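Assemble the whole structure, with the sequences as input and the hints as a guide.
There are 2 protein chains.
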Amino acid sequence: MEQNFSYDTLYNFSRSVFEKIGCTEKDAETAAKVLLSADLRGVDSHGVARLSGYVRLWEAKRVNATPIIRIIHETPSTAVVDGDSGLGLVVAPFAMQVAIDKAKNVGTGWVSVQNSNHFGIAGIHAMMALEHDMIGIAMTNASALVAPTFSIEKMLGTNPIAVAIPAGKEQPFVADFATTTAANGKLEILQRKNKPTPAGWVQKKDGSPSNNASELKEGGALLPLGGDKEHGSHKGYMLGSIVDIFSGVLSGANYGPWVPPFPAYIPMPENMPGKGIGHFFGAMRIDAFRTASDFKDNMDQWIHRFKTAKTVQGEEAVIIPGEPEIAMEADRRAHGINLLQPVVDDLNVLSEKFGVIL
Amino acid sequence: MEQNFSYDTLYNFSRSVFEKIGCTEKDAETAAKVLLSADLRGVDSHGVARLSGYVRLWEAKRVNATPIIRIIHETPSTAVVDGDSGLGLVVAPFAMQVAIDKAKNVGTGWVSVQNSNHFGIAGIHAMMALEHDMIGIAMTNASALVAPTFSIEKMLGTNPIAVAIPAGKEQPFVADFATTTAANGKLEILQRKNKPTPAGWVQKKDGSPSNNASELKEGGALLPLGGDKEHGSHKGYMLGSIVDIFSGVLSGANYGPWVPPFPAYIPMPENMPGKGIGHFFGAMRIDAFRTASDFKDNMDQWIHRFKTAKTVQGEEAVIIPGEPEIAMEADRRAHGINLLQPVVDDLNVLSEKFGVIL
Chain A
1 MEQNFSYDTL YNFSRSVFEK IGCTEKDAET AAKVLLSADL RGVDSHGVAR
51 LSGYVRLWEA KRVNATPIIR IIHETPSTAV VDGDSGLGLV VAPFAMQVAI
101 DKAKNVGTGW VSVQNSNHFG IAGIHAMMAL EHDMIGIAMT NASALVAPTF
151 SIEKMLGTNP IAVAIPAGKE QPFVADFATT TAANGKLEIL QRKNKPTPAG
201 WVQKKDGSPS NNASELKEGG ALLPLGGDKE HGSHKGYMLG SIVDIFSGVL
251 SGANYGPWVP PFPAYIPMPE NMPGKGIGHF FGAMRIDAFR TASDFKDNMD
301 QWIHRFKTAK TVQGEEAVII PGEPEIAMEA DRRAHGINLL QPVVDDLNVL
351 SEKFGVIL
Chain B
1 MEQNFSYDTL YNFSRSVFEK IGCTEKDAET AAKVLLSADL RGVDSHGVAR
51 LSGYVRLWEA KRVNATPIIR IIHETPSTAV VDGDSGLGLV VAPFAMQVAI
101 DKAKNVGTGW VSVQNSNHFG IAGIHAMMAL EHDMIGIAMT NASALVAPTF
151 SIEKMLGTNP IAVAIPAGKE QPFVADFATT TAANGKLEIL QRKNKPTPAG
201 WVQKKDGSPS NNASELKEGG ALLPLGGDKE HGSHKGYMLG SIVDIFSGVL
251 SGANYGPWVP PFPAYIPMPE NMPGKGIGHF FGAMRIDAFR TASDFKDNMD
301 QWIHRFKTAK TVQGEEAVII PGEPEIAMEA DRRAHGINLL QPVVDDLNVL
351 SEKFGVIL
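As you go down the protein sequences, you meet chains A and B in turn. Heads up: the first sequence begins at 1 in our numbering, then just goes up one per residue. Heads up: the second sequence begins at 1 in our numbering, then just goes up one per residue.
Everything hinted at is true.
Only pairs whose alpha carbons sit at most 30 Å apart, straight line, appear in this in silico BS3-like list of lysine-lysine:
hint	chain 1	residue 1	chain 2	residue 2
1	B	Lys154	A	Lys307
2	A	Lys169	A	Lys104
3	B	Lys217	B	Lys275
4	A	Lys310	B	Lys154
5	A	Lys307	B	Lys204
Here are a few chain A residues that face chain B, going by a calculated C-beta distance under 8 Å:
hint	residue
6	Thr75
7	Thr78
8	Val80
9	Gly207
10	Gly252
11	Asn298
12	Gln301
Which chain A residues stay away from chain B? Per the calculated CB distances, all over 12 Å, these:
hint	residue
13	Tyr7
14	Gly22
15	Glu25
16	Arg50
17	Thr66
18	Gln97
19	Met128
20	Ser214
21	Leu216
22	Lys217
23	Asp331
These are computed hints drawn from the structure, not numbers from a lab. These numbers come from a predicted model, not from an experiment. Just so you know, even glycine gets a beta-carbon here, dropped at the ideal spot from N, CA and C.
Next comes the structure, spelled out in structure tokens:
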């Protein structure tokens, strides 16, 4: 069963809840906008479905609703930002803005973030660069669910990478993907449908192959993009590691198996080497390389050529990264967002708790 | 049948051949060193086995042995380098040095390169950053062998990414991988052994699955990391595309299906939109983020923790990216490099042609 809500309804509700936990008006707006961007773009696992999770982190005193987010180290093209345990939904846009400002001055800006929390979808932060004719990059580490090649221990998060690249007449190129074969959200869909996973998505507790979408609950692990060694899982493992090191080690946040978990009921790892969760952001001004109009002309040609590549029988077209999300957003802004009943129930609990009307 | 050669023999031979085609003494040294680094690190497909290929590109007037490599646009943290059709083996170290110099000044340096040729292995260029306590990044586009998800047309090269990250007592972390399920070199090994490929490495001309290691010769294509949509090939396609755009579109080089082929006998694509092949390099000073010693302590902990993660039965240890290559290099420096007879034959032809003793 599903219920349909307008974007505005869910946005206003989320903003009010963030205000109720103590966020400033501006932070509550930012957090709601970032959170809801996931629902708009079709990444249902990272949107309003997580609102109650963020609230529980605040209740567990793991999220600071009134953080003093600040730069603790910088050079003309870099900075480290301390998120002061704030919502990643608020810390990330702050840090991405620092990257953009540095790019304005010296061509590029690169910001590593410590002491943050989950930041929603990576793509929305990378996309902040687009209106400035910049390429945007965003990544984050996350609590360990992924077993590196040959490992039975979970050592890495799903560690997503997003890259947003401006085009001219065409829509921008926006890649945003977990460095695992399949993101957690896709597993949840199979769990609800009681269906098996394809090969290479998960492994059992002992490292043997599995098709059980609930394998994580039984001590198993997600697998890096590639699935197994023969199919290139060492590459997915390398990608996840690079995200972890850029986000966690470069900033002084936690990394590897020490990254704090999102569910507030899971205890924090022992002997944590850093502060909170880490992110990494980049902004590159196009005209720090060549004139933006020449670049955009070439991007239009790139996109057009790929879009019109001959397809395998039965497939309509090669998909340009970001294209399905743009279509999804247009549809959901026009026709509302369908939420599953358990998500609606969750929101109703928040509605009662905080006296905010859904 | 194989023949064993010392590193010095192959290095001196390659250097002399590069001098014979007109390279300056310094460029010939650089080109030989970069070329041979592939053999030392065990990437046999990209080493001295390709020397005759580079010579044929020079004979076809597609490689300029005496390029005037120069910066054509720059900001404090960026540059575009024109390789003047030089050997990528020489253009790449020049461009990476520009990135390093910029990082010294403003924290990071980012260089996109046009008008170049194949640059050997990506890893060796990224590794130039290590001795400066910097993170190094290198990538390149290449002629189209890879079909994006849903496509039967070859639109992308194997487009590798390398990231080199310094550690303290531990060896550095060096990831270097093609954004395909399997690199071309692995297919060549199976071809020689007359063995089938695992699923997800190649597809037939019509886009249907294949296990034929020679499928490319029959109009088929390599597949992006992931193999098919169900196993995340859209992520490999996105990665390959990002490499293509950073290397080709950002620099004004060619991109997508227009990237010039390595084999000199293959005609150049029609209506090429840019100049030569493109690369992209980055250097990030560690202490532009935090003190190098703190970072290295954490990297040592990261590496040690991953190395000692519990393994699947039958596997000795989780492998740290770059570890096998360091072991290979030590072995080959001590015991020489084995070359297959067809490679030796190729070198003997060069030896006669240029009067250089092997």
